Amino acid sequence: QVQFVESGGGLVQPVGSLRLSCAASGIIFSIYNMAWYRQAPGKQRELLASITPGGTTNYADSVKGRFTISRDNAKRTVYLQMNSLKPADTAVYYCHVPGGSWPWGQGTQVTVSS
Numbered sequence: 419q420v421q422f423v424e425s426g427g428g429l430v431q432p433v434g435s436l437r438l439s440c441a442a443s444g445i446i447f448s449i450y451n452m453a454w455y456r457q458a459p460g461k462q463r464e465l466l467a468s469i470t471p472g473g474t475t476n477y478a479d480s481v482k483g484r485f486t487i488s489r490d491n492a493k494r495t496v497y498l499q500m501n502s503l504k505p506a507d508t509a510v511y512y513c514h515v516p517g518g519s520w521p522w523g524q525g526t527q528v529t530v531s532s
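Residue numbering for the sequence shown follows the working numbering, starting at 419 and increasing by one per position.
If you're looking for bench data, these hints aren't it; they were derived computationally from the structure.
Just so you know, these numbers come straight off a predicted model, no measurement behind them.
Each hint can be trusted.
With a straight-line cut-off of 25 Å between C-alpha atoms, the simulated DSS-like cross-links for lysine-lysine are:
#	residue 1	residue 2
1	LYS461	LYS482
2	LYS504	LYS461
3	LYS504	LYS482
The calculated label-pair distances, taken between Cβ atoms and stated as ranges, are:
#	residue 1	residue 2	range
4	GLY434	GLY517	31 to 41 Å
5	ALA492	GLY460	31 to 41 Å
6	ASP490	GLY460	27 to 37 Å
7	SER531	GLN419	29 to 39 Å
8	VAL433	ALA478	17 to 27 Å
9	SER519	SER435	29 to 39 Å
10	SER532	ILE449	35 to 45 Å
Glycine included, every Cβ here is placed at the ideal spot set by N, Cα and C.
Between the sequences and the hints, there should be enough to build the whole structure, so can you do that?
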C-alpha cells in the first residue's frame with residue numbers, strides 16, 4: 419500500500435533550522451511530483467512547496483527564500499530544509515503527491531518557540 423512517512427520535526431528556537439524527510443513507498447516515486455504541506459491548529463492544510471521528478475521547484479510566498487524542497491529518487495525520499503524559522507511556522511508537516519488520493523501520513527510536528 420501507499421505510505422508517506424515524515425520525520426525530522428521537533429522543537430526549535432526562532433531563526434533556527436530543521437530538515438524534514440519523507441519516505442514514500444508503494445508508488446513509482448520517480449514519476450510523481452511531490453509536495454510538502456503543513457497544517458496549524460484551527461487552520462486549513464497549506465501547500466508549501468512542490469518539486470517535479472526532474473527537480474523543478476515551486477514555493478508558497480510564505481516560505482519562499484527560507485525553505486528548500488529537494489528529492490532523492492533512488493531513496494524515494496523528499497526533503498524540506500527549513501531555515502529562519504518563525505513561530506508562525508509551527509504546524510504539523512506532511513508530504514504527499516499533489517492531487518493524489520492516497521491516505522496522508524501522520525506528519526511530523528514542528529514547533530518554533532523560544
